[in-house]
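Listed in order, the protein sequences are those of chains Y and W.
Everything in the first sequence is counted per our numbering, starting at 1 for the first residue and increasing by one.
Everything in the second sequence is counted per our numbering, starting at 1001 for the first residue and increasing by one.
A couple of the hints might just be wrong.
[What the hints assert, rightly or not] Simulated pairs of lysine-lysine, DSBU-like, Cα-Cα distance not exceeding 30 Å:
#1 Y:249 - W:1226
#2 W:1656 - Y:610
#3 Y:226 - W:1249
#4 W:1201 - W:1383
#5 W:1072 - W:1461
#6 Y:656 - W:1035
#7 W:1226 - Y:644
#8 Y:226 - W:1656
#9 Y:722 - W:1610
#10 Y:75 - Y:130
#11 W:1226 - Y:239
#12 W:1239 - Y:239
#13 W:1226 - Y:645
#14 Y:201 - Y:360
#15 Y:35 - W:1656
#16 Y:226 - W:1239
#17 Y:722 - W:1533
#18 W:1499 - Y:722
#19 W:1722 - Y:656
#20 W:1656 - Y:722
#21 W:1461 - Y:498
#22 W:1023 - Y:656
#23 Y:533 - W:1610
#24 Y:533 - W:1226
#25 Y:656 - W:1383
#26 Y:722 - W:1072
#27 Y:610 - W:1722
#28 W:1046 - W:1461
#29 Y:226 - W:1201
#30 W:1046 - W:1022
#31 Y:610 - W:1610
#32 Y:23 - W:1656
#33 Y:610 - W:1533
#34 Y:722 - W:1421
#35 Y:448 - Y:383
#36 W:1533 - Y:656
#37 Y:499 - W:1383
#38 W:1610 - Y:656
#39 Y:533 - W:1722
#40 Y:226 - W:1645
Calculated from the structure, these hints are not laboratory results.
There are 2 protein chains.
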Amino acid sequence: MKLKFLHLALFALLPSCIMAQKKQFTLDDLLPGGKTYYQNSVPENKYLTWWGNECVMLEVDRCYVIDKKTGKESKSMFNLDDINAILKNAGKKTVSSLLYTSFPYEDKSYAMVERSNGTKYLVSFADEKKIIWTSEAGKDNEDWNSTSRNLAYTDNHNLYVQDADGKTIQVSKDGNNDIRYGESVHRDEFGIFKGTFWSPKGNLLAFYRMDQSMVSTYPQVNVTPKGTDSRCAQLVPDKYPMAGETSHKVTVGVFDIATKKTIYLDAGDPTDRYFTNVSWAPDEKTIYMIELNRDQTDGELVEYDAKTGKKIRTLFAEHDDKYFEPCAPIQFLPWDSSKFIYLSRRDGYNHIYLYNTDGKLLKQLTKGEWEVFDIIGFNKSTKSVIYSSNEASPIQKNICTVGMNGKHSVIGNSTGWHSAKLSNSGEYILDYYSSPTIARNIDVCSTKTLKSSNIFSAKDKWENFNAPKIQLGTIKAADGKTDLYYRLVLPTDFDPNKKYPAVVYVYGGPHAHNIDASIHYGVRGWDIYMAQKGYVMFCLDNRGSEHRGKDFEQATFRNLGVEEMKDQLKGVEYLKSLPYVDSSRLGVHGWSFGGYMTTSLMTTYPDVFKCGVAGGPVIDWKYYEVMYGERYMDTPQTNPEGYKKTSLLNKAGNLKGRLLVIYGGNDPTCVPQHTLTFMRACIDAGTYPDLFTYPGDGHNMFGHDRIHLHEVITRYFEDHLK
Amino acid sequence: MKLKFLHLALFALLPSCIMAQKKQFTLDDLLPGGKTYYQNSVPENKYLTWWGNECVMLEVDRCYVIDKKTGKESKSMFNLDDINAILKNAGKKTVSSLLYTSFPYEDKSYAMVERSNGTKYLVSFADEKKIIWTSEAGKDNEDWNSTSRNLAYTDNHNLYVQDADGKTIQVSKDGNNDIRYGESVHRDEFGIFKGTFWSPKGNLLAFYRMDQSMVSTYPQVNVTPKGTDSRCAQLVPDKYPMAGETSHKVTVGVFDIATKKTIYLDAGDPTDRYFTNVSWAPDEKTIYMIELNRDQTDGELVEYDAKTGKKIRTLFAEHDDKYFEPCAPIQFLPWDSSKFIYLSRRDGYNHIYLYNTDGKLLKQLTKGEWEVFDIIGFNKSTKSVIYSSNEASPIQKNICTVGMNGKHSVIGNSTGWHSAKLSNSGEYILDYYSSPTIARNIDVCSTKTLKSSNIFSAKDKWENFNAPKIQLGTIKAADGKTDLYYRLVLPTDFDPNKKYPAVVYVYGGPHAHNIDASIHYGVRGWDIYMAQKGYVMFCLDNRGSEHRGKDFEQATFRNLGVEEMKDQLKGVEYLKSLPYVDSSRLGVHGWSFGGYMTTSLMTTYPDVFKCGVAGGPVIDWKYYEVMYGERYMDTPQTNPEGYKKTSLLNKAGNLKGRLLVIYGGNDPTCVPQHTLTFMRACIDAGTYPDLFTYPGDGHNMFGHDRIHLHEVITRYFEDHLK
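All chains should be modelled from the sequences, with the hints used to inform the complete structure.
Given below as structure tokens:
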């Protein structure tokens, strides 16, 4: 889970005609966290799920089966009172909503309902009308296996299992801040987002153990301690391994519920290695993981005996001269447990490969200058893989199917930006999507016939507002050949004869994009706010960003920011060519990697932008963490020139324009040291950045703080660019 | 030593006629730390000292006796080569300057010379031409007794003595960050600035021991660690007792050099008590200190047996309903060891009292609605006390003498602002002074005849610059009766028909003043810089500030800021009455207590000032320390209304104007928690302050950072007030 470079893309606005009588936007209308955001920006939604191949509509107070063609109710199931009667009868507290109900068993009338505190009840709602299984309160890192009904969870960094009978088994005992069990490791890189992995039948639990006692402690400070003896600010120590410094050590254990014994996979010395993509063989006898060196150039898929922990074999190795980043565990074919699929970018784009359990490559199932995003699942009857990709267009995400013969097709609507929920059999998907002119549609599609039926369509709430025009286009990258997508927002009530200031919003880092074929081309709410204030808003996905293949991403290797900036300057060239853009009033804003880009642009090309706002920036990659940082930059020891050239501490003296740097006071991702050492470097060099911070906040601001933040950002441009 | 509310007053400018052809000031010219500050702002100086009653001129490369009437050389002594020949001959490193030479013995031709690393040599320069005594390197907290030639010092919070033979004696062993020996205690309040006190003949060493293990730790962070294993930011824990919380415990030991034994004064449980103003009886047999309760309302002068530590007697007690702040140790009359003088504000003003060793008050030596500042010493032959006071004018400091009959007179020049160095006999003073039109004069005065001879006069370097006019005046305080002094700086090239923005500079706290009768009325260099940029600069010493008596200071008791602001608003009223001041463009700036005042004014009277810059502010007295904070505010437990009413966290939502808050990233005095919780409160309340910080700096910025800081402050007013 890429929490670190989270940038909240916003649902956005109709490129409609100007209608002056329409409403004006407030930041609260436009940004997540705003008081009127849901009311005025988020398209209406429907909560739907699968119960086998039955499509179930989830409402707050009832659940019912719908017809997959019409979306109309076809069969009633239960309402909230029915469920709460069963709970009360068992002496349990009631639930207040059915929106998050699930149906884990296609052949049983069991609904998993959830209280707001995380308590879960598996309720037999049809025949017996009783509670089948309970977890009393929301624990950390809950992981439930529906077959065994064992529940894994963590508490204070130790791992526990609540077995099917409700008994608690403590799996680890020495967990603490340094040694952590059952939690995500390697800072959520390499596709890792959790630390427990149930065997298919739920009899064995693989889990991560992470020892970070040898890692540097970043001294975060809480200035508003509550419920403590003293009101004095408190230390909040946070382990943070910086590029080139000592990293943590991860091992993988397997706990046997029957014997209550733990073995560890015999993977050798874990120093400077990454153990990722843990997955189980269907028979539960063996376990697989991808083992990667610290340099991230060489990985192996390795199979272990789940009972003894002994290594069985290395199925195959993968190498990349720059870096290799496995993000998806292997998945066995449901109809043939001797074969699995594997995702690799080895041919330059992320594609699906079919292997057998001897490690022999049987077939490359997908191929082309486009990327597979995710494996969604399988249709067992047609023996096909369901996945998402951008084959239709670099800025689209469509749901597709590919057979074992490599024949592949788009399922349902082939425009826009889709996400799918697969039915248990894999025969149907619930297809949620938007496109530049569709706010939200929900279709039910057959993964066999590829046909879809629309069951819900939400209108664009921005139709009520005086919204600006949004344009999509491409320009050539600085390499002279690669197409880059840009999005241009014209000022509200645009007059082509006027001159407007323009602001570039930039992210620019890997694993992210800003422009896509979702509603309003993925425009950000703040862009709309600024357009309303009379700014041209521009955004360009430079080389290095996601979904465009390996070469596109790796162009930035060992010199993060350098090629990215060259591309952004191409965007600036284009902006300056527009007759209505005032070239003397250009601004730039970005957060995280985009904060790095903003500060880099302001200090590397000090005459281009008059004003910039950089949020949560990386300032020097030597202060960034090992896993992400070394992938792209190697280490300060092995790439001293790259670190030196890209360090903004060395460029602090170049600052000429007005630059506001904002950071979360307790940012655990781009630690405050980045911003603070940049301030120090600017002071020493006699340049004058501005500063703001959100005490207590992390890498991003949420809720009220997010609204406040964007008012601060806006105000800075109004002060210095308008 | 009041380090905490340090505000660097600057030497300032001639209220001269406007001469447009003269030079313009830069910040470097005007501020300490500026590259051209010494060249363009600091009046020339002479280094002089006493050798008995001989007045010695210290130059870099020679020392000579001067005639006390003419200032001309009357007798050669030695030059640098002479001293260095003696040092070389003894195999020692040479000294590079004689500017800091002293002559500890009036009857011996011994000079104490010093290397830049702190190494000291006592050199016999006339007859034997040899080194008499050496301390090899500058240690922490060095304290030398000239009689015994024992040197006390500390290393890593333990206390050591280098005896006359050069042997090292370790006095304490368990010193560490929590337990400290021989250092200043009680956060430098109550006149405490050191932690060792030699008996008159140097045979016994009284010292402080401070246990602060029970005090909260403020987590300061160093973001630029050097020479460590990791480049990751490092914790720098700092003990900081916050008002109303657990405080440290101080005891006083006495180490006997002969027996090498330590006894502790038997003063009882040190919890919530202050032991201050340690002093010795002339016979070394007894030791005195003033013992104060935590509430600072009740103190006693207590005598102890220096050999046993047993309490001998309480000489007298002193009480004040609000607070009582003893800042000066008792001093025995050199001609009568049965009597001592004592400073007290008990009659409303700080005055000198004569006591005998039974604790009987013999006489109040000085009296009147003015204050004694310091005891400088005694003239043994006339049996008089030499002291400084503002009897001549509330904004002056003159050197005076009072006999045992209470007859008192000003010595020498009775204008301006003086400081004195007393000759060994007390018969003469070196009188350094300035006045509004005198940059620096040095006179030699007889403390008997009161006559003075000028031996040096430095001209005002600002005569070369196009300097603004400076005016002094008084207005009535908000109480309608008290005169308050203000200083007004007119814009350079002032045109009375124009309208100018005006900025109030404010400090406003106790133990400080801004306006006095020194050169240019003590104007700050930044005021001059701003005047040059076209601002009217105004400064007013409100009630609560120093040198005006107890009622004047204690008007603020339990509600710091409230009365002070009312007075400042009287200043604003006056400013607005000036036809050339644009009342819609008023700004305010202050640091430390002045940062508190600035933020208070901006949030309590949000319509008065359009723009403010607050530096190193107190935001809520609950985050300030016990000693200073509780004196004026009592505790959050005993004065909840006062703390609530004066907390700017509760006023954050009132902010309307533009407010920049600046803090030292590692401020140990007004800890960063003040500024950061204010930012948090403003964010929560939906108001918009601006922020800047100086990473690694403490409560004040020095050198280059101070210049940078004032450019930041200036820029903010130029952005938002001009």
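Subject >> Contradicted hints - numbers only >> reply: 21, 24, 25, 26, 29, 34, 37
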